[in-house]
Amino acid sequence: MRIDPIMIATFLGMLAVTYGARIGGYLLVRRRPIDGRIKGVLEAVPVTVLAAIIAPMAFATGPAESLAALATLLLAWRLPIAVAVVGGVGAVVLLRWLLG
Amino acid sequence: MSIEPVASPSRGAARDFALGAYHMLPMLVGMVPFGLLLGALAADKGYSPLAMALMSATVFAGSSQFIAIGLWQEPLPVLAIILATALVNLRHVPMSAALAPSLGRFGHRLPFAALFLLADEIWAVAMRAAQGGSIGPAYYAGLAIPFYFNWIFWTVLGTVAGGVIARPERYGFDFAFTAVFIVLIRGFWRGRRSLPPVLASIAGALLAHQFLPGVWYILVGTAAGMLAAAVAWRPPHAH
Chain A
33 MRIDPIMIAT
43 FLGMLAVTYG
53 ARIGGYLLVR
63 RRPIDGRIKG
73 VLEAVPVTVL
83 AAIIAPMAFA
93 TGPAESLAAL
103 ATLLLAWRLP
113 IAVAVVGGVG
123 AVVLLRWLLG
Chain B
142 MSIEPVASPS
152 RGAARDFALG
162 AYHMLPMLVG
172 MVPFGLLLGA
182 LAADKGYSPL
192 AMALMSATVF
202 AGSSQFIAIG
212 LWQEPLPVLA
222 IILATALVNL
232 RHVPMSAALA
242 PSLGRFGHRL
252 PFAALFLLAD
262 EIWAVAMRAA
272 QGGSIGPAYY
282 AGLAIPFYFN
292 WIFWTVLGTV
302 AGGVIARPER
312 YGFDFAFTAV
322 FIVLIRGFWR
332 GRRSLPPVLA
342 SIAGALLAHQ
352 FLPGVWYILV
362 GTAAGMLAAA
372 VAWRPPHAH
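Protein chains in written order, with our numbering: chain A, 33 to 132; chain B, 142 to 380.
There may be inaccurate statements among the hints.
To be verified - Computed footprint of chain A on chain B; a stretch qualifies when at least three of its residues, placed anywhere within it, have a C-beta under 8 Å from a C-beta of chain A: (1) 153-161; (2) 169-179; (3) 228-239; (4) 288-301.
Simulated from the structure, these hints should not be mistaken for lab results. Predicted model only: the values in this text are computed from it and were never measured. Think of the CB as a built atom: it goes at the ideal place given N, C-alpha and C, for glycine as much as any other residue.
Work the whole structure out from these sequences, hints included.
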C-alpha cells in the first residue's frame, strides 16, 4: 500500500483526537475537577466502545464465533493476553470446522 | 517488581531516567505480542513497514490503532476511524486530569510534550510512582521514551513478519480483532459498574447492525452504553 494523503490525513485526525484527550483533562482540571457522574461516564467509554465493536461478530455471526468469543473471554480473565488471543483464534478455527 | 514512590528530591536526570525505564521493563516486554499482532494484521490489510511506523509514531495509542486497522478498507472510512479513535481515547481526559497535580515540576510548556506520550501503561506507572506526590520530567521521560520506540519497533517488525508469512482468512485471522478487543475489554473492566454500559452497548450495537449500514453500530452502541453508565452511576461509598 502506498502512503497516500488520505492515509496521512487519517493518522493526523487520529493524532488530533487522541492528543486532544491527553491534554484535555490536564487543561480542564485547572478550571474545575472532573469527578462524579461525568468521570464515571468517561471511564466507562473504553469498554463501551469495544463491546459495540465486537457485538456483531460475537453475537450475530454464528455459533462458532459466539462460542469462540466466550472462550476468549474466559481465557482473558486468567491468562496472559497473547494466550487469550491465540486461544480465541484457535477456538474459532476449531469450532468453524466442527460446526461446519 | 514493586514501584516505590519516587523520592521528591531528584537524584540527577540520568538516574531518574534509568529508574523510569527500569519501572517500565514489564510493560516493554508485555507490549511485544500486541505490537507484533497489530503489525501482522496491518500487513494483512496491505500496510508497508513504513506506513506502520508512521501510524505508531503519530497516533501512539494501541487500542485505537487496532480499531483503525480493523476498519481499514477501500474506500477508507476516514471519519468512522477518527470518531472511533476519539471515543475509545476519551478515557484519557480523566486520566490526564488525575495525573495533572503530579506534574508540578514540569513547568508550563513541558506537560504538552509529555502528555503526547500518555499511553495507558505510562499513565499507570506514573500514577503509581507519584502516589499523590510529584514526579520529575527525567523520570517521566524514562517511562515514556523507551516505551514509545519499543511500540514503533515491535509493530513495524510485526508488519515485516506478517508480509512474509501468507495468512489466509480461513485460519481464523478475521477473528483476531474480536479476540484482541475482548482482551482489551478485560483490561478496561472496572468491576460490576462496567456491566450496565457493556450490556447496553451490545444491545444498541446489535439493533443498529440489523437496521443501519456501515459502522453506525459502533456509535449507536457507544451512545447506549454511555447513557447506561450515566443512569447507573452511584457515588463511591465513603470509607
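Hints and how they fare:
no. : hint    : result
1   : 153-161 : violated (count 0)
2   : 169-179 : holds (count 4)
3   : 228-239 : holds (count 12)
4   : 288-301 : violated (count 0)
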